[in-house]
Structure formats: structure tokens, C-alpha cells
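Take a look at the letters that make up each chain.
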Amino acid sequence: MSEEPVPTLHLEGYEGPLDLLLDLARSQKVDLAKISIVALVDQFLAVIQAAVRLEQAADWLVMAAWLAWLKSRLLLPDPEPDPDALSPEVLAGRLAERLIELERMREATRWLQRRPQLGQEVFARGAPESLTIEDRSGIAADLPALLAAYGGVLRRIAARRPYRPKARRIWTVQDAVARLTVMLGALPSWAMLARFVPEGLIDPVEQRAALASTLVASLELARGGMLELRQDRDFGPILLQRREVADVRAA
Amino acid sequence: MSAPPDALRIAEALLFAAAAPVTLDKLQAALPEGAEAREVLAALAEAYAGHGVEPVAVAGGYAFRTAPDLAAMLTKIVEVPKRLPRVAMETLSIIAWHQPCTRGDIEDIRGTALSQTTLDALLEMGLVAPRGRREAPGRPTLWGTTPAFLLQFGLASLADLPKREDLLPGGGPGLAL
Amino acid sequence: MSAPPDALRIAEALLFAAAAPVTLDKLQAALPEGAEAREVLAALAEAYAGHGVEPVAVAGGYAFRTAPDLAAMLTKIVEVPKRLPRVAMETLSIIAWHQPCTRGDIEDIRGTALSQTTLDALLEMGLVAPRGRREAPGRPTLWGTTPAFLLQFGLASLADLPKREDLLPGGGPGLAL
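Just so you know, the protein sequences line up as chains S, F and W, in that order.
Okay, so the first sequence: first residue is 1 according to the working numbering, each after it adds one.
Okay, so the second sequence: first residue is 1001 according to the working numbering, each after it adds one.
Okay, so the third sequence: first residue is 2001 according to the working numbering, each after it adds one.
Heads up, a few of these hints could be off.
Claimed, not checked - Computed list of lysine-lysine pairs in BS3-like fashion (alpha-carbon distance at most 27 Å, straight line):
id	chain 1	residue 1	chain 2	residue 2
1	F	Lys-1026	W	Lys-2082
2	W	Lys-2163	S	Lys-34
3	S	Lys-71	S	Lys-34
4	F	Lys-1026	W	Lys-2076
5	F	Lys-1076	W	Lys-2026
It should be emphasised that the hints constitute simulated quantities derived from the structure, not laboratory data.
Please read all numbers here as calculations on a predicted model, not as lab measurements.
The following block holds chain S by itself, in its conformation from the complex (with noise of 0.2 Å):
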């Protein structure tokens, strides 16, 4: 039983290098707790050597790598140890602890394969009865629903009203000639056109709008002769009077 002979593996027979460690460890027929791990690392370097191709997973490398690194230290202790390291005996009993865990876990499995399975060994009633009878005489509707289902109507009603833009009130040059007519009325003498924009528009667009609307009602009663139209210079303010002032101003 001494020289026990490398067995020729085949790799991807294994799960992976921590597969084909417990069967190496399991060949040293040991406690796997006590097994040697120097003797663990020469057979697993062996298989690999035999056996990985380069372009077979890495983890096989990188497995064989850190188990010489690992023998290394077991056989040649570091004389001036890091204290942060962990010892190589610590990562010898890692090692062991995880092939013990996966071992465990291969007993696992084969106490539950020793189960017999329903639906392989023993059968469950093909044919279940079910001894219930369903009443579908009620409704399943309660009041949230029927107020989500009426809160659907309103909200179809209001997606179908057509749209509508929001109507403009609009200062038409009959309003402006209108206002004009009554406010020169009372007019002594120059006043600025702005002054004859009704008050109490808001909306920017609308005031201009009523602003030109005036400007054109006064040159209207300006063509028709009933007040006079100044500017003083370019984008100057306009200025309006009552061509009856004018008159009598003049004479």
C-alpha cells in the first residue's frame, strides 16, 4: 500500500480542482481532518501535469498554483512571519475544512438519493378527488371597484371633450375708436396714447394688442379729422389731442 501509484484522471470527469482533491485526499484513506496536505499537493501537481491542457480552465491553474505555494510554505516556514498572514498551518487546516464540508455535502446528496422519491419510487393518488363544489353564485366586486369602474367613465368623458383654445379677449378697433371718442371728450389738451388702453388687461399679448388697436382707431379719427397725431422723434412716445383744441388754440 506504500507507493501508491498516480491514478490516471481524466479532468473533465471533475467538478472542478476541489473535486478532484477529495478524491486525491480520499485515496491517502485517512481522516480527511488529518490528511497530509504536502502529500494532498504532490498528487494533485502530478494529475495536472499529466493531464491540463493550457487552454483547460484556469482554476485548475490557478488551483495547482496556490497548493505548491502552500507546500512551500509548509516545508520552509518564513523566518520572519507577517503577524497580519495567516499561518500556513491555518491555510492547511482551511483546505482540510473545506474538503471535509464538500465530502459532507457528497454524503448529503447520497442520503438524499437513498430517499425513495415520489414520483420515482412511490407514487402519490394519480387521480385526486377534489370533494369540494364551487359555488360561483356570488360576485366578486365590492365597492372600490365599482367606484374605480364609474372613476374610469368620468375620466373617457373628459379625455373626449374636444379641445379648446383659451379664447382671447380681444380690444377691436371699433372699441378703441369707441373709447377714444368718448375720452377726448374730456381731454384738455396732449395725452399720451398709451393712456387710452383700457386698464385691467393682464395678458401681455392682449395688451399689445389692444395698444395697436388703438393706435390704428386714432389715426382713423385722425384721418377723419377729429384729433391730431404727434411724435416727437423716433420710438418716441405717441401723443394725441382734440382737433377742436387745436382750432382754438390756433385762433
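Following the hints, complete the assembly by docking chains F and W onto the known chain S.
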């Protein structure tokens, strides 16, 4: 028992595990040499006489069934309430809030034709009932909700229905219904 | 038989009819006054000793199952699903004994990557299910077994699984393999 005990056990397990009634041929194929399916079944029926379950001939084969007296006793009635389809719920809600109203009113509000089936279903469930006719061309039937409607939705009276305005937040006064 | 015959018949019928195991509570509720569910079950098991079907404790309740020795005969007639591959069984074992655990835990123990196909197969059979997430970087999903797992392996509860420490034949350290 005239049948060999193994044959009886096999017949028992097979009738139990099969998803469909087991035919005589199928049973015969499973039985050990020398056992006759018909005899085994007879022995099985004898062994189960007076039990809570018994082998019976059904649909061209044999299966275990609960003893009739126990089946009646153990059968539970499970309420499986129906869900109302969306169209029915909407129609019911329109009748609830707009009653009395005609089928034409409902169609106007929903913006689509209302099938007779929907109205029939609500009638059948007793949730709505006719409330006279509108004095208009064709004298269409007016519909309203019933006491069963109040019971179903846990309402003391129709006044307990939330106000239409409260149902559509932001809908506001602009809704001409 | 100590249990009244009627109680025995009811228990028999209930366990036979149900698609899922019957809990003690459910059985007790169906039994006549004075009958104790546990006693009735014991009497039922005694009455069915050696039969082709027998009552067993499984997944928190009781159900009839065919006798394991009849498997070979039954599989000739009843359709049998495929067995789980070894990888799936091993993954299932790790989840069963280490639950709740993450995929990373499983990969650590097996020392190799776990394919999604394997986990998917277990999920599809309903043998494992997510059990929340571990509060660790990446918040990995935790996995555990389901009642279907107990049913599949005929276990009354997870307590029926042997202890992890007892799994290695010959026990813990100090004993040769």
C-alpha cells in the same frame, strides 16, 4: 382472499397511482404470472368493503373512489365568486349614479354601444331593475339599482354613494354630464 | 383498533382524496366528536401495514403513498419524470443543509461555478425558492427549500434531515475513512 397477496398489493397501488382508471388489460399486464385481473379486482373490492374508499368500475376501467356516504359528508361547498367584467362594472356604476336612466343614456356616457348580454347579466344578478319608462319617443325603459345592489356594495342607501364630483379629482365643474 | 371505525373511514377517505398532505388540524376538524386525530392515524397506519399503499407523514401532513418495493412494477405503467442530474442533486443538498444560502456559498462549497441551468432546473421543479437577500455587497439572493422538496423526498419536515455533523460516515475528526 383467493388472489395471491402480492397481486392484491400491486392492484391496490396501481389503482391508487394511476391518473386515469385502470383497464383490465393494463392491470393484467402488471400482475405476476398466474394472477387473473378480474379475480384480483374482486378480492380487492372484498378487502375494501366498508372502508372509506373502495375500488369501483368507472369509465372503462377501475379506480378508487371515496365511499358515497362519506363523499356526501366530506364534500365542502367552496364559494367562488364571479368577477364582473369591466363593461358590466362600468354599466352598473353609470346606472348607480345616473338612475333612473335608459340604455341610450348609458351608451351616450360610455361613448359606445351596450350589448344586451351585459344588461341581462346585471338583471340576472339582481343588481338592476326596470324603473318605468321615459315619456319620450319609443318610451325607453328606465333602469335603476336594487336593494341587492346596496347589499352587494355594503351601502345603507344610495345617498351613501360618493358624489360624482368627488370621484374625479381635478375634473371640476367643467364636466357636463 | 382503538379508534372508532367511522373515524378510521373518514381519515382514510380524506387522506386518499386529497391532492396535498392533510394536516392534523384538518383531519381533526373532519373527525367525529371524541376521536383523536393522532390515534386515528396510528390505527390507520396499522391497518395498512403490508398493503400496496400506506399512510406516511410528509411535508407537515399525512398522505397515502405507494409502497416503495412496488416501484419497479409501477414505473412500467405510470409515467416517471426524469431524475435530477448529479450536479442538481448536489446543489439541492447544499441548499437543503445550508439554507438560506447564496449562489456564492454553493460555489464555494463545490469549488466550481454553478451553471444557471442547474438552478433553473431546481426552480422549475419548485424544490427551491428565494428566501430574501443577504445584507452584503450586491445583496445576493438567498435560497431555501420548499414544501415540494419535502414532498419529493418524503420528509415530514426539515428536522428529518440528518444533522450536518452526522453526515460523514464514521463521524468527525479522529476516525479513519
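Hints, one by one, checked against the model:
1. Lys-1026/F - Lys-2082/W: holds (23 Å)
2. Lys-2163/W - Lys-34/S: Judged against 27 Å, a Cα distance of about 22 Å means the pair holds.
3. Lys-71/S - Lys-34/S: OK: Lys-71/S and Lys-34/S at ~16 Å, within 27 Å.
4. Lys-1026/F - Lys-2076/W: Holds - the C-alpha atoms of Lys-2076/W and Lys-1026/F are around 10 Å apart, at most 27 Å.
5. Lys-1076/F - Lys-2026/W: holds (13 Å)
In summary, the structure agrees with every hint in the numbered list given earlier.
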